[in-house]
Amino acid sequence: MLALEVRDLVVEVDGRRVLDGLNLEVPKGELHVLFGPNGSGKTSLILTILGLPQYKVLRGQIILNGEDITFLPINERVKRGIGVLFQNPPQIKGVRLGDVLKKLAKDETPMEIARKVNFPAFYLDRELNCGFSGGEIRRCELTQLMAQKPSFLLLDEPDSGVDVENLELVGSIINELAKGRSGILITHLGYILRYVEAQRAHVILNGKIACSGRPIEILDHILREGYWWCDKCKEMRGD
Amino acid sequence: MINVRRCGVTKMNEAREEEIRERALKALDKKADYGPDIDLSSFVRSPERLEVKGLDDLPSGVREQAVMVGVRPDMKERAGTYFQLDHSVLFSGVSKYFDGGVEFISTIEAKKRYDWFSKYLWRAVQVDTDKYTAFAALEWDHGYFLRVAAGKKVTVPLQSCLYIYRDKLDQNVHNVILMEPSSEAQIISGCVVHPNVSRALHVGITEIYLMKGAKLTFTMIHNWAEGIDVRPRTGIILEDGATFISNYINLKPVGSVQTYPAAYCNGENSTAVFNSLIYGDKGSVIDVGGKIILEGKGSKGEVKSRVIATTNAKVYSRGLLVGKREKTRGHLECRGLLLSDQAFIHAIPELRGETSGTELSHEAAVGKIAEEAIYYLMARGFSEEEAVSMIVRGFLDTRIFGLPEPLQREVDHAIDIVLSSSL
Numbered sequence: 001m002l003a004l005e006v007r008d009l010v011v012e013v014d015g016r017r018v019l020d021g022l023n024l025e026v027p028k029g030e031l032h033v034l035f036g037p038n039g040s041g042k043t044s045l046i047l048t049i050l051g052l053p054q055y056k057v058l059r060g061q062i063i064l065n066g067e068d069i070t071f072l073p074i075n076e077r078v079k080r081g082i083g084v085l086f087q088n089p090p091q092i093k094g095v096r097l098g099d100v101l102k103k104l105a106k107d108e109t110p111m112e113i114a115r116k117v118n119f120p121a122f123y124l125d126r127e128l129n130c131g132f133s134g135g136e137i138r139r140c141e142l143t144q145l146m147a148q149k150p151s152f153l154l155l156d157e158p159d160s161g162v163d164v165e166n167l168e169l170v171g172s173i174i175n176e177l178a179k180g181r182s183g184i185l186i187t188h189l190g191y192i193l194r195y196v197e198a199q200r201a202h203v204i205l206n207g208k209i210a211c212s213g214r215p216i217e218i219l220d221h222i223l224r225e226g227y228w229w230c231d232k233c234k235e236m237r238g239d
Numbered sequence: 001m002i003n004v005r006r007c008g009v010t011k012m013n014e015a016r017e018e019e020i021r022e023r024a025l026k027a028l029d030k031k032a033d034y035g036p037d038i039d040l041s042s043f044v045r046s047p048e049r050l051e052v053k054g055l056d057d058l059p060s061g062v063r064e065q066a067v068m069v070g071v072r073p074d075m076k077e078r079a080g081t082y083f084q085l086d087h088s089v090l091f092s093g094v095s096k097y098f099d100g101g102v103e104f105i106s107t108i109e110a111k112k113r114y115d116w117f118s119k120y121l122w123r124a125v126q127v128d129t130d131k132y133t134a135f136a137a138l139e140w141d142h143g144y145f146l147r148v149a150a151g152k153k154v155t156v157p158l159q160s161c162l163y164i165y166r167d168k169l170d171q172n173v174h175n176v177i178l179m180e181p182s183s184e185a186q187i188i189s190g191c192v193v194h195p196n197v198s199r200a201l202h203v204g205i206t207e208i209y210l211m212k213g214a215k216l217t218f219t220m221i222h223n224w225a226e227g228i229d230v231r232p233r234t235g236i237i238l239e240d241g242a243t244f245i246s247n248y249i250n251l252k253p254v255g256s257v258q259t260y261p262a263a264y265c266n267g268e269n270s271t272a273v274f275n276s277l278i279y280g281d282k283g284s285v286i287d288v289g290g291k292i293i294l295e296g297k298g299s300k301g302e303v304k305s306r307v308i309a310t311t312n313a314k315v316y317s318r319g320l321l322v323g324k325r326e327k328t329r330g331h332l333e334c335r336g337l338l339l340s341d342q343a344f345i346h347a348i349p350e351l352r353g354e355t356s357g358t359e360l361s362h363e364a365a366v367g368k369i370a371e372e373a374i375y376y377l378m379a380r381g382f383s384e385e386e387a388v389s390m391i392v393r394g395f396l397d398t399r400i401f402g403l404p405e406p407l408q409r410e411v412d413h414a415i416d417i418v419l420s421s422s423l
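Respectively, the protein sequence lines represent chains F and G. Going by my numbering, 95 is the number at position 95 of the first sequence; the sequence numbering is gapless. Going by my numbering, 303 is the number at position 303 of the second sequence; the sequence numbering is gapless.
This list has only true hints and no planted wrong ones.
Using 25 Å as the maximum straight-line C-alpha spacing, the simulated BS3-like pairs for lysine-lysine come out as follows:
hint : chain 1 : residue 1 : chain 2 : residue 2
1    : G       : K168      : G       : K31
2    : F       : K93       : G       : K314
3    : G       : K26       : G       : K119
4    : G       : K304      : F       : K93
5    : G       : K119      : G       : K215
6    : G       : K215      : G       : K300
7    : G       : K368      : F       : K56
8    : G       : K368      : G       : K314
9    : F       : K93       : G       : K368
10   : G       : K368      : G       : K304
11   : G       : K314      : G       : K304
12   : G       : K31       : G       : K291
These are calculated hints, taken from the structure and not from any lab test.
Could you put the whole structure together from the sequences, leaning on the hints where they help?
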């Protein structure tokens, strides 16, 4: 049973093709990792699945839990279980983290959620993403996901800007969030994979999946040989 | 030229009264520097009503509307109350706890009671500023006199409500606040109009005197309606070490509001702050701001505004800082959010340095809501409307005011009530 199925997805942003016939399947209960060089289409895939209007779908389908969500508005996709951790969330002055958590959380208080990411109480009073460090932004994003409890996670570089002490914490929260759920996780250097259990990995090159395999093995190849290896892999598969 | 009658009080210094009257008569046709011109002859006067012992027998709907501007008709957690409906004082009084240290009565009553009172009239605001000040001098409809005794700290807010109940009325109130040395107080002043009123004029003269070391937080919530024209004229004079903080909130549609209060920081190390939250909607013409004249050595001033304009509202946000003495500092900040292409926000920050020892600065930004902020909140499951509403409410965040906690709760509550019907 598939949680997410992306079929032959072609997407443009401002007339520039960012995904070019991408296919991907994530079975229920699995967390898949996306690797790829800068500009290869990783974040574009996540933001297209989320439904940002500037990501224009020219062809293909996005199927979530058997339902075609390709042209649904963002909040309708979220209602169906999508939850995203943004890589570069916008600063929203005057909108306080605590107020957002209060609206989102069903069975926990904002304080209880904040405590899980080691945020002191006064962080709830802070404006969304204003003046946060890289690590604080990730943890701020995680608090919102914990409150949302989405069934399908889209995690865009959750380890970016996180210091060593907090990397384990972020990893354990993602593991907790992913328990019994499905999702996609983008990472550049793979540090988070020391703490997160992922079942499969894919490499995106030029807007399509170039190769797939076990996360640790693929990461090992990338770290040793760079993405050149993936290009070769693609050639080997005869794509 | 409109017909005017003479105010019936006689204790005022005759020569000064005559001079004020003559200056007012000469200025009756003098247009204001800013804002649409109003034909003063198109309004009516209302007969006086009787005073009431409490606010329990207010006309239907009036109590509910008073609550919307932060006024508590039950008078709980209030140090004192002044309630004026049209031209009549319905109630004025001070809680027993502050009796003796605080006086809160009609200005006409104060003029009858004290010989010295007249010297505080038309001193911080000039009577011949324009036709509205002139009109208010010649057709004086009470207003409140608040006096806080030397050293008295009033720890809970005082409240005033100026209410227009009769259609096509003009209401000319003249308020005077006298903060004696080292006294402290906070006042919530709510202005509101009955739903049956289609057209009216409110002219509010407010003269505030802060003596040495006194502190006043003055929070005004306007809740007018389309067809209502409003011309407040406010002057504040600060002595050494005095602090004045004005918080002006206007979130409902209005015909026009034009006000440009001036704080004169005459005393050394005195401080004046003008904060404003404006939500311009439905053809409202809102022309507001604050000017601070830094005359005293070491005095400081700040003008901060958050303006939203939607539908076809026209909003002018002004600010003027004048640095006249050394070691003075001032900052202007205007942020505007446009929610419609038919609306406009015109920010006009002005700085005038008259000595090399002054430091003045300003920043202004006008734009629309960033789409990415809306999408971000939609990614949390909120609808587009909910996302916009959260961003707008956040933009009008009262925490920029730095209010005391209980007062902030009150103001937030009032804003939430008003915005829930606007957004």
